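Required output: the full structure, derived from the provided sequences and hints.
The sequence shown begins at 1 in the UniProt record's numbering and counts up one residue at a time.
Hints in this document: simulated from the structure, not taken from any laboratory. All values reported here derive from a predicted model rather than from experimental measurement. One or more of the hints may lead you astray.
Label-pair ranges, simulated between beta-carbon atoms [stated by the list, open to error]:
{"id": "1", "residue 1": "T211", "residue 2": "Q111", "range": "22 to 28 Å"}
{"id": "2", "residue 1": "S95", "residue 2": "K160", "range": "33 to 39 Å"}
{"id": "3", "residue 1": "S58", "residue 2": "N86", "range": "20 to 26 Å"}
{"id": "4", "residue 1": "S217", "residue 2": "K160", "range": "26 to 32 Å"}
{"id": "5", "residue 1": "M134", "residue 2": "G220", "range": "31 to 37 Å"}
{"id": "6", "residue 1": "F166", "residue 2": "S217", "range": "17 to 23 Å"}
We put the beta carbon where it would ideally sit given N, CA and C, even for glycine.
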Amino acid sequence: MEKKEIKNLLVMSILAGKIMLRNGAETYRVEDTIARICKSRNIQYVQTFVTPTGIFLSVEHEDDLFSYIQRIKSITIDLHKIDVVNNFSRNFVNSDMTISEGMDILNNIEQILPYKSIIRYLFAGFAGSFFTLMFGGSLLDFLATFLTSSSLLVLIDNVKKLPITFFLSNVIGGIFVTLFSIILYKLGIGENINVIIIGSLMLLVPGVVITNAIRDSISGDFISGVSRAVEATIIALAIAFGVGVTLKLIFNTFGQISNIGGLIYALL
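Structure follows, in structure tokens:
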């Protein structure tokens, strides 16, 4: 392979890894995918080092050394894109696909849009609502959690557009869930405010992050495992802070409020 082709192969493999890492893949899976793509084109020496915020790749071919670094700043959860890139890597390794064809496919994968907003909001509501039933909530609690969870996802989508940290965004989410749940409870929509809040907060719980932290640690990627565990802890603390402070302020200051009008007046 010529130097230009090797550089293009590095760019393509890094793009595959970036798509996977930005959408919630484990670091060992990203490393394995990048290494397989590079070795499929007769490059013997391939070293990859992936952290939750960066990809480092170095290859050697015919006494020439090529290195590439990719910084990852934003991470979301889209398991569909991870699955598509996995399938692409297998097809690339087991075929004579050119690098330019692979780049076109990866660029198309990167541009895949998520589900329509109305579908996401609808199923976010159901996700939180069924957790509420699992925690012993009633049908009224189910309805209240549905409204709270759907509204929470709308809020999250808008908060992500702002230049704020993930800690602050989760604090805002915890505050919103608490206030919205109390308002619905005062309106008579819901019987147990505890299960309404808990069910709605399940959308913010970093389940994928915790799972990846465990899987990375089991695989020996202790830096990634520890960093993801710290991230999950910070998110959990942010949620707890938002909910705890809001409940403390409302019930300590306005504990005697018995109607929705008085609550809204007090909050304003």
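Taking the hints in turn, this is what the structure says about them:
| no. | hint | verdict |
| --- | --- | --- |
| 1 | T211 with Q111: 22 to 28 Å | 27 Å, holds |
| 2 | S95 with K160: 33 to 39 Å | 37 Å, holds |
| 3 | S58 with N86: 20 to 26 Å | 23 Å, holds |
| 4 | S217 with K160: 26 to 32 Å | 28 Å, holds |
| 5 | M134 with G220: 31 to 37 Å | 35 Å, holds |
| 6 | F166 with S217: 17 to 23 Å | 21 Å, holds |
Checked against the numbered hints listed earlier, the structure breaks none of them; every hint is satisfied.
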